[in-house]
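J.: With the hints as extra help, turn the sequences into a complete structure.
Here our numbering is used: position 2 in the sequence shown is 20, and no number is missing along the way.
To be clear, the hints were calculated from the coordinates, so they are not data collected in a lab. Heads up, a few of these hints could be off.
As the list claims (entries may be wrong) - BS3-like mimics (lysine-lysine), calculated; alpha carbons at most 27 Å apart, straight line:
| # | residue 1 | residue 2 |
| --- | --- | --- |
| 1 | Lys246 | Lys322 |
| 2 | Lys487 | Lys509 |
| 3 | Lys360 | Lys322 |
Claimed, not checked - Derived Cβ-Cβ restraints for the label pairs, each shown as a range:
| # | residue 1 | residue 2 | range |
| --- | --- | --- | --- |
| 4 | Pro313 | Tyr256 | 29 to 37 Å |
| 5 | Gly277 | Asp424 | 22 to 30 Å |
| 6 | Leu155 | Glu375 | 50 to 58 Å |
| 7 | Arg175 | Asp215 | 20 to 28 Å |
| 8 | Ser91 | Asn385 | 55 to 63 Å |
| 9 | Asp354 | Lys507 | 45 to 53 Å |
| 10 | Glu490 | Glu372 | 16 to 24 Å |
| 11 | Asp154 | Gln472 | 47 to 55 Å |
| 12 | Lys245 | Lys506 | 44 to 52 Å |
| 13 | Lys245 | Asp352 | 31 to 39 Å |
| 14 | Lys245 | Lys336 | 50 to 58 Å |
| 15 | Arg468 | Glu152 | 46 to 54 Å |
| 16 | Tyr256 | Leu155 | 40 to 48 Å |
| 17 | Arg175 | Ala432 | 24 to 32 Å |
Glycine included, every Cβ here is placed at the ideal spot set by N, Cα and C.
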Amino acid sequence: MASIAMAASLRTFLRPHRCRLLLRQSRSLSASAAPAGAAAASTVIRRSVVEVLRERGLVEATTSESLGSASASPRELKAYCGFDPTAESLHLGNLLGLVVLSWFRRCGHNAVALVGGATGRVGDPSGKSAERPELDLAAVETNSNAIKSLIGQILDRAPEPSQHSQSGKNLNLEQNEQALVNSGEKMGSFQILDNYDWWKDISLLDFLKEVGRFARVGTMIAKESVKKRLMSEDGMSYTEFTYQLLQGYDFLYMFRNMGVNVQIGGSDQWGNITAGTELIRKILQVEGAHGLTFPLLLKSDGTKFGKTEDGAIWLSPKMLSPYKFYQYFFSVPDIDVIRFMKILTFMSLDEIQELEESMKKPGYVPNTIQRRLAEEVTRFVHGEEGLEEALKATEALRPGAQTQLDSQTIEGIADDVPSCFLPYGQVLKSPLVDLAVSTGLLASKSAVRRLIKQGGLYLNNIRIDSEDKLVEEGDVVDGKVLLLSAGKKNKMVVTSRFISLKASHVPASVDRAQMTTLVGPEISARKR
19 MASIAMAASL RTFLRPHRCR LLLRQSRSLS ASAAPAGAAA ASTVIRRSVV
69 EVLRERGLVE ATTSESLGSA SASPRELKAY CGFDPTAESL HLGNLLGLVV
119 LSWFRRCGHN AVALVGGATG RVGDPSGKSA ERPELDLAAV ETNSNAIKSL
169 IGQILDRAPE PSQHSQSGKN LNLEQNEQAL VNSGEKMGSF QILDNYDWWK
219 DISLLDFLKE VGRFARVGTM IAKESVKKRL MSEDGMSYTE FTYQLLQGYD
269 FLYMFRNMGV NVQIGGSDQW GNITAGTELI RKILQVEGAH GLTFPLLLKS
319 DGTKFGKTED GAIWLSPKML SPYKFYQYFF SVPDIDVIRF MKILTFMSLD
369 EIQELEESMK KPGYVPNTIQ RRLAEEVTRF VHGEEGLEEA LKATEALRPG
419 AQTQLDSQTI EGIADDVPSC FLPYGQVLKS PLVDLAVSTG LLASKSAVRR
469 LIKQGGLYLN NIRIDSEDKL VEEGDVVDGK VLLLSAGKKN KMVVTSRFIS
519 LKASHVPASV DRAQMTTLVG PEISARKR
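T.: What follows is the structure, encoded as structure tokens:
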């Protein structure tokens with residue numbers, strides 16, 4: 019009787035909840051194929067998504083070897099990856115999860131992006147040396163909505179298997195993609211869910227009774243993420259300790275109610291992922307739940323890729339411009355560029371190998387591969403418009419470029435490079451040597467003079483050859499800004515209009531010369 023009551027209670031606890039989801043049905047692949055092509059398709063052996071991921075260096079571990087065979091059949095798998103709303107944007111470390119979900123879709127499976135509207139209020143202790151700062155409910159909701167929108171935009175840009183490389187080459191598709199096209203299969207769909215939609219209806223007593231009793235404390239403590247924190251000076255709170263059960267229940271809930279049977283995540287998520295597969299096996303007493311982890315995004319020296327002195331590399335253009343995002347990838351060292359191309363782009367491995375070989379040939383132009391990597395990743399994250407914006411700014415801001423600079427282009431990067439404000443009168447007729455020092459571009463006048471002799475000082479991308487150069491009215495672009503460059507990388511945006519002094523507030527007794535000195539020619543002319 020007790021077992022019958024428990025089973026009834028469990029069915030009640032696992033009842034379907036109303037879920038808020040965004041279903042994005044992908045575009046269908048063209049099913050038109052010549053009879054000869056159809057005949058050839060029958061001889062093509064479909065490769066599993068796990069094989070594809072492993073070949074590209076995107077598999078760290080799997081919970082079961084059976085995942086490989088299951089993933090060879092389209093629509094067999096429904097994979098999910100979780101994203102906690104700790105900020106208004108995802109960062110570069112989260113991009114691998116979106117790439118792997120996209121590979122599942124490209125191989126004919128369905129994908130789910132789970133936003134942690136509930137778990138984000140607790141904070142995942144994995145990979146953290148201290149407890150995460152607590153977010154208020156308003157911040158969690160704001161972050162969740164922003165992340166859902168961002169995920170939807172990025173996943174919707176995943177190229178279909180029938181699309182060739184963006185380079186314009188007529189490249190053959192990789193074997194698994196060719197099989198997918200020839201067999202007429204559609205690219206998998208994706209959904210965006212929020213775990214708050216089911217957690218809001220679950221009481222603590224229900225959770226402890228129906229889930230907690232199946233969790234073994236010894237097993238939970240043995241998780242690597244827990245052991246590291248328990249050995250730290252601050253230890254671990256009970257709230258953080260239970261996080262693995264919360265994430266495990268997410269997998270259980272979606273497995274039971276939505277058919278999700280694969281959880282993916284970074285290698286630091288192994289403990290949380292196995293907590294889910296264990297709960298499914300113990301509570302539902304079924305097999306078929308799988309886990310897959312991918313390596314963390316690291317540089318060859320072992321440090322995290324995506325962390326800079328200025329902070330994280332964000333995926334949202336509201337927090338980091340496409341130009342700055344593009345530049346980050348353009349600066350990847352040669353030793354890392356091919357590996358990042360394999361794991362972060364959808365280019366064929368054949369083409370990547372060709373590019374790798376080209377790096378070893380005489381006459382190779384430095385940063386050619388980096389430019390291609392930056393284009394592919396920027397296109398996936400920011401779309402064609404974002405890539406065009408980044409390319410336009412990159413070309414326009416290249417010292418010596420012939421592109422005509424405008425104030426909008428310069429102001430567009432003001433948040434991404436050092437910038438300062440100086441009154442218009444302090445800029446006009448100022449010796450450029452003095453200006454380069456007063457703005458902080460260079461430390462001393464002697465350093466400026468040396469750079470001029472070396473041909474490395476630029477004003478609005480024009481090389482300065484004379485130490486006696488004065489800033490003229492025409493040097494202030496659109497009467498607003500100017501751009502100083504020391505070499506190719508060090509830049510300074512100088513806003514030169516006295517913004518706080520409006521022309522309408524200038525007494526009529528001030529003559530034109532005085533007014534121009536104060537506010538610049540544009541406002542001066544408008545006032546008169």
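J.: The structure should be examined with respect to each hint, and the outcome stated for every one.
T.: Outcome of the hint check:
Of the pairs offered as hints, the one joining Lys246 and Lys322 holds, with about 19 Å between alpha carbons and a cut-off of 27 Å not exceeded. A C-alpha spacing of about 18 Å is found between Lys487 and Lys509, which places the hinted pair at or below 27 Å, so the restraint holds. At roughly 17 Å between alpha-carbon atoms, Lys360 and Lys322 fall within 27 Å of each other, so this suggested pair holds. Checked against the given bound of 29 to 37 Å, the beta carbons of Pro313 and Tyr256, roughly 31 Å apart, stay inside it.
For the hinted restraint 22 to 30 Å between Gly277 and Asp424, the CB-CB distance of approximately 53 Å leaves it violated. For Leu155 and Glu375, the hinted distance range of 50 to 58 Å is satisfied, since their beta carbons lie about 54 Å from each other. At roughly 26 Å, the beta-carbon separation of Arg175 and Asp215 lies within the given 20 to 28 Å, and the hint holds. Taking 55 to 63 Å as the suggested C-beta distance range, the pair Ser91 and Asn385 does not conform, at roughly 42 Å.
The hinted range of 45 to 53 Å is not satisfied by Asp354 and Lys507, whose Cβ atoms lie roughly 19 Å apart. Checked against the hint of 16 to 24 Å, the C-beta distance between Glu490 and Glu372 comes to roughly 49 Å, which is inconsistent with it. Range check, Asp154 to Gln472: Cβ separation about 53 Å, and the 47 to 55 Å hint holds. Checking the proposed 44 to 52 Å range against Lys245 and Lys506 shows it holds: the Cβ atoms sit about 47 Å from each other.
Under the hint 31 to 39 Å, the C-beta atoms of Lys245 and Asp352, about 38 Å apart, fit the expected range. With their beta carbons about 38 Å apart, Lys245 and Lys336 fall outside the hinted range of 50 to 58 Å. Checked against the hint of 46 to 54 Å, the pair Arg468 and Glu152 passes, with Cβ atoms roughly 52 Å apart. Checked against the hint of 40 to 48 Å, the pair Tyr256 and Leu155 fails, with Cβ atoms roughly 21 Å apart.
Range check, Arg175 to Ala432: Cβ separation about 27 Å, and the 24 to 32 Å hint holds.
The structure does not agree with the numbered hints 5, 8, 9, 10, 14 and 16 stated previously, though it agrees with the rest.
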